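Chain by chain, the residues run as shown.
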Amino acid sequence: MSESCKIVVERRGDVAIFWTDGYINNQGGEEIARQAYAQLDAGARALVLNLEKTRIVNSIGISILIEVLEKVMDRKGVLAFCNLTPTIDKTFRIMGLAQYAAIYPSQEQALQAVAATG
Amino acid sequence: MSESCKIVVERRGDVAIFWTDGYINNQGGEEIARQAYAQLDAGARALVLNLEKTRIVNSIGISILIEVLEKVMDRKGVLAFCNLTPTIDKTFRIMGLAQYAAIYPSQEQALQAVAATG
Amino acid sequence: MAQRESLRPGFEGSGFREVSMTIPVASDMEIVATAQVAAMGEYIDMPHDKIDEIKLALVEACINAFEHAHTRDDRVHLTFRVGRDEEDGPDFLEVEVLDQGKGFDHSIVEVPTPEKTFTGGKKRGWGLQIIRSLMDSVAITSGEWGTRILMRKYK
Amino acid sequence: MAQRESLRPGFEGSGFREVSMTIPVASDMEIVATAQVAAMGEYIDMPHDKIDEIKLALVEACINAFEHAHTRDDRVHLTFRVGRDEEDGPDFLEVEVLDQGKGFDHSIVEVPTPEKTFTGGKKRGWGLQIIRSLMDSVAITSGEWGTRILMRKYK
Ligand SMILES: Nc1ncnc2c1ncn2[C@@H]1O[C@H](COP(=O)(O)OP(=O)(O)O)[C@@H](O)[C@H]1O
Ligand SMILES: Nc1ncnc2c1ncn2[C@@H]1O[C@H](COP(=O)(O)OP(=O)(O)O)[C@@H](O)[C@H]1O
Chain V
26 MSESCKIVVE
36 RRGDVAIFWT
46 DGYINNQGGE
56 EIARQAYAQL
66 DAGARALVLN
76 LEKTRIVNSI
86 GISILIEVLE
96 KVMDRKGVLA
106 FCNLTPTIDK
116 TFRIMGLAQY
126 AAIYPSQEQA
136 LQAVAATG
Chain Z
26 MSESCKIVVE
36 RRGDVAIFWT
46 DGYINNQGGE
56 EIARQAYAQL
66 DAGARALVLN
76 LEKTRIVNSI
86 GISILIEVLE
96 KVMDRKGVLA
106 FCNLTPTIDK
116 TFRIMGLAQY
126 AAIYPSQEQA
136 LQAVAATG
Chain F
2 MAQRESLRPG
12 FEGSGFREVS
22 MTIPVASDME
32 IVATAQVAAM
42 GEYIDMPHDK
52 IDEIKLALVE
62 ACINAFEHAH
72 TRDDRVHLTF
82 RVGRDEEDGP
92 DFLEVEVLDQ
102 GKGFDHSIVE
112 VPTPEKTFTG
122 GKKRGWGLQI
132 IRSLMDSVAI
142 TSGEWGTRIL
152 MRKYK
Chain A
2 MAQRESLRPG
12 FEGSGFREVS
22 MTIPVASDME
32 IVATAQVAAM
42 GEYIDMPHDK
52 IDEIKLALVE
62 ACINAFEHAH
72 TRDDRVHLTF
82 RVGRDEEDGP
92 DFLEVEVLDQ
102 GKGFDHSIVE
112 VPTPEKTFTG
122 GKKRGWGLQI
132 IRSLMDSVAI
142 TSGEWGTRIL
152 MRKYK
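Chains as they are written, first to last, in the numbering used here: chain V, 26 to 143; chain Z, 26 to 143; chain F, 2 to 156; chain A, 2 to 156.
If you are wondering where the hints come from, they were derived from the structure by calculation, not from laboratory data.
Hints may contain errors.
Derived EDC-like pairs (lysine to aspartate or glutamate); straight-line CA-CA distance at most 20 Å [said to hold, decoys possible]:
no.: 1; chain 1: A; residue 1: Lys-124; chain 2: V; residue 2: Glu-92
no.: 2; chain 1: A; residue 1: Lys-123; chain 2: V; residue 2: Glu-55
no.: 3; chain 1: F; residue 1: Lys-123; chain 2: Z; residue 2: Asp-99
It should be emphasised that the depicted structure is a prediction, and the values quoted were computed from it without experimental measurement.
Pulled out of the complex, with its shape left as it was, chain V reads as follows:
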């Protein structure tokens, strides 16, 4: 079904960039989690999630992203989001994700910021 979220991951040094495309629901969230844990296991220190091509993340999807964030924080890693629509940004703030993860307007800014933490 075309509604499901597509995910592309690229590793640059110790940073893994995720590009999502489409609706992030439970399945989309779980797929991101699976790939995020694989990257952490393979030594990634920072994850950057570029949500440019996602217009809707439901609350179940966000709750899974929060689990990913906690796992990253447990391992002293960094998680950053970029290119959120105003509605996704608002929802991340309501649920408090924005208090624990960094949100940047562009991928470039996100990459610079996570590089500075390395």
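Guided by the hints, dock chains Z, F and A with the ligands onto chain V, whose structure is given.
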């Protein structure tokens, strides 16, 4: 209402180019007709209708475009369409509009063709 | 969680996904309805050109109901279904347009031709013809209760 | 022609445009339904960011009905209305989500907080809160007959 068709007209010599944006129904068709007759009265010899930003023309809209075509032909003028979606192209062929008006893939080709008739 | 698991995409269960919808008899509501064709078409990954064809067929059926039916309830009832004839057959999108109007005998509707349209001065009368040309199958039933057009297109 | 003339855009007549729709309890059908929010929102020229907010509120209400309601008819019933409170007031889009499920007492639903979500391990429970945050007004009625969420946002 945003559903209604917007029309922009530009006059280049004796050719008038129409850009439509949105759904062409009876109102949209009548608005095109009104502006087309104004151009003919103001001496335009050829009309080029660029439908690039229109995805739906209903059968009432097409019947009005056929009236415009007949008026143009009465005056020994030329009417050409360009940038039709496959569905609009198909419908124009079903209704026979394609037998009497020329259809071109691009605006450039339409303009060249109508210039050659001048 | 168990509940969520059972809601995987696909055509399990009834073998169909059916969405029904009611729109008022009012201008531009036919365009509002086409959004559902796009959504259901994308759901089965139907190519965009085919989605456009179904949209136009739906528009024509709706404006017929708006213009000719004189519906008793001032509404037009739409049903969208996606499904397959056989397990491994192609997906289809089916659209049903039902009005509770005066009905008509479609067997005696004059078939339009480009010639009549151009030389004859009768420009209208193309709606049903366009629907038949754009869809893979069309069934019209009509009576005193109103009119139902059932049309289907394969992916 | 006379009939056509009476179908000009606007809110004449009932003062409302109302589209109703029924979707099956099935994954991704909430996304199919959001197409109608976009279509009705565009009909009143609502800004796209507001349309996105209503879409998410609708998604949350639908997945609640899918997940918690255990509907008797395996369907969720949606109604979309555009209108105005006063002649020259702003347009609104109203969405009603009705399920014929088991109902719940929303006055005793625990209100989530970011702290509980992060330290407490309870990640879920944000749907209603998100709906309330994104919409201008929300009314929930629920009983043995099911649940109705009525939510409105102004242009
Ligand atoms: N839903 C309907 N209810 C009643 N009559 C209809 C309906 N749809 C079509 N008709 C009749 O069939 C005729 C042909 O319809 P159509 O091919 O769509 O062309 P047009 O609408 O331009 O006349 C109409 O003029 C009308 O008399
Ligand atoms: N339509 C509904 N029918 C029955 N119960 C519901 C419905 N919507 C919400 N609830 C109840 O309210 C609770 C809170 O819902 P919500 O805030 O959306 O969070 P979540 O769905 O993540 O639990 C749900 O856990 C459920 O018990």
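Open item on the list: Lys-123/A and Glu-55/V were given as a pair; does the straight-line alpha-carbon distance stay at or below 20 Å?
Closed with: Holds, at roughly 17 Å.
- [ ] Given the hint that Lys-124/A pairs with Glu-92/V, test it: the Cα-Cα distance must not exceed 20 Å.
- [x] Holds, at roughly 8 Å.
Task: Distance restraint between Lys-123/F and Asp-99/Z, which requires alpha-carbon spacing of 20 Å or less - done: 17 Å, holds
Of the numbered hints listed earlier, not one is contradicted by the structure.
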